[in-house]
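> From first to last, the protein sequence lines stand for chains P and L.
Residue numbers for the first sequence, in the working numbering: 1 to 116.
Residue numbers for the second sequence, in the working numbering: 1001 to 1116.
No lab work stands behind these hints: they were computed from the structure.
All values derive from a computational prediction rather than experimental measurement.
Errors might be hidden in some of the hints.
Selected chain P positions facing chain L (Cβ under 10 angstroms, derived; list incomplete) [as the list claims (entries may be wrong)]:
no., residue
1, F35
2, S42
3, G43
4, I46
5, Y50
6, Y64
7, N67
8, F68
9, L84
10, A88
11, F91
12, K103
13, L104
14, G107
15, K108
All residues carry an ideal CB built from backbone N, CA and C; glycine is no exception.
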Amino acid sequence: AQKITQTQPGMFVQEKEAVTLDCTYDTSDPSYGLFWYKQPSSGEMIFLIYQGSYDQQNATEGRYSLNFQKARKSANLVISASQLGDSAMYFCAMREGPKRSEKLVFGKGTKLTVNP
Amino acid sequence: SAVISQKPSRDICQRGTSLTIQCQVDSQVTMMFWYRQQPGQSLTLIATANQGSEATYESGFVIDKFPISRPNLTFSTLTVSNMSPEDSSIYLCSVEAWQGKAGELFFGEGSRLTVL
């Protein structure tokens, strides 16, 4: 079974509107971390936001927020006030377990296109 | 944070040849990770490179095909051996930097290989 599922291969949004990118995960470990990365067409991976499994509040970083629904095992990324520069691939990832040596497992990604 | 430099940024290679990718980090790190991103796909971990010990390979990846060196705490190389067109991918080096609670992965800009 896939550890990280991103069901939206592509999403479109109008500039200045908000958009939600879906991510569901599968783990039986009570300790885990969830990450979102952005990959522009240039190829680099840019860290956006992190949510720990024991965090009581949803993570926020500027225009990015993570809608963490633990019971549903979902960690959706919300981008507010979309900008043209937000057009990119977005990957959800998970680290299982508390150890720093545990690897990140990535979803297949969602391609976001922001229209002017 | 960490700044990661990868060389080459891109290359076109002939079938049957080998290519070594270099990864230089601006700070000392314990673990370095090598990922592969096949065209239109997500990131898959190849191996974890620890200084002073053999690299740990993920299922489906073997040392003969992807030998890794880790001579010190700021440098690593990944060799793609006896290349075939199926090896055409972006290869990304990454390191982990912990800021507070989040083990954020920093990535190099990737090495985009095309095998003819």
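> Can the hint on K108 (chain P) be confirmed by a CB-to-CB distance to chain L that is less than 10 angstroms?
5 angstroms, holds
> Would the stated hint for S42 (chain P) survive a check requiring a Cβ distance to chain L of less than 10 angstroms?
7 angstroms, holds
> Does Y64 (chain P) pass the interface check with chain L, least Cβ-Cβ distance below 10 angstroms?
Check failed: Cβ of Y64 (chain P) comes no nearer than 13 angstroms to chain L, outside 10 angstroms.
> Under the criterion of a CB-CB separation shorter than 10 angstroms, is Y50 (chain P) in contact with chain L as hinted?
With a minimum Cβ separation of about 4 angstroms from chain L (threshold 10 angstroms), the hint on Y50 (chain P) holds.
> K103 (chain P) was flagged as interface toward chain L. Is the shortest Cβ-Cβ separation under 10 angstroms?
K103 (chain P) check passes; min Cβ-Cβ to chain L is 5 angstroms, inside 10 angstroms.
> Tell me if G43 (chain P) is really an interface residue toward chain L, meaning its C-beta lies closer than 10 angstroms to one of theirs.
It holds, given that the least Cβ distance between G43 (chain P) and chain L is near 5 angstroms, below 10 angstroms.
> Hint check: is the beta carbon of F91 (chain P) less than 10 angstroms from a beta carbon of chain L?
6 angstroms, holds
> With 10 angstroms as the cut and Cβ atoms as the points, is F35 (chain P) at the interface with chain L?
Because about 7 angstroms separates F35 (chain P) from the closest Cβ in chain L, which is inside the 10 angstroms limit, the hint holds.
> With 10 angstroms as the cut and Cβ atoms as the points, is L84 (chain P) at the interface with chain L?
Given a least distance of 22 angstroms, the restraint on L84 (chain P) is violated.
> Holds or violated: the hint that N67 (chain P) contacts chain L, with Cβ atoms closer than 10 angstroms.
18 angstroms, violated
> Next item in the hint list is A88 (chain P). Is there a CB on chain L closer than 10 angstroms to its CB?
Status violated, d = 14 angstroms.
> Going by Cβ atoms only, is I46 (chain P) closer than 10 angstroms to chain L?
8 angstroms, holds
In this structure, the hints that do not hold are numbers 6, 7, 8, 9, 10, in rising order.
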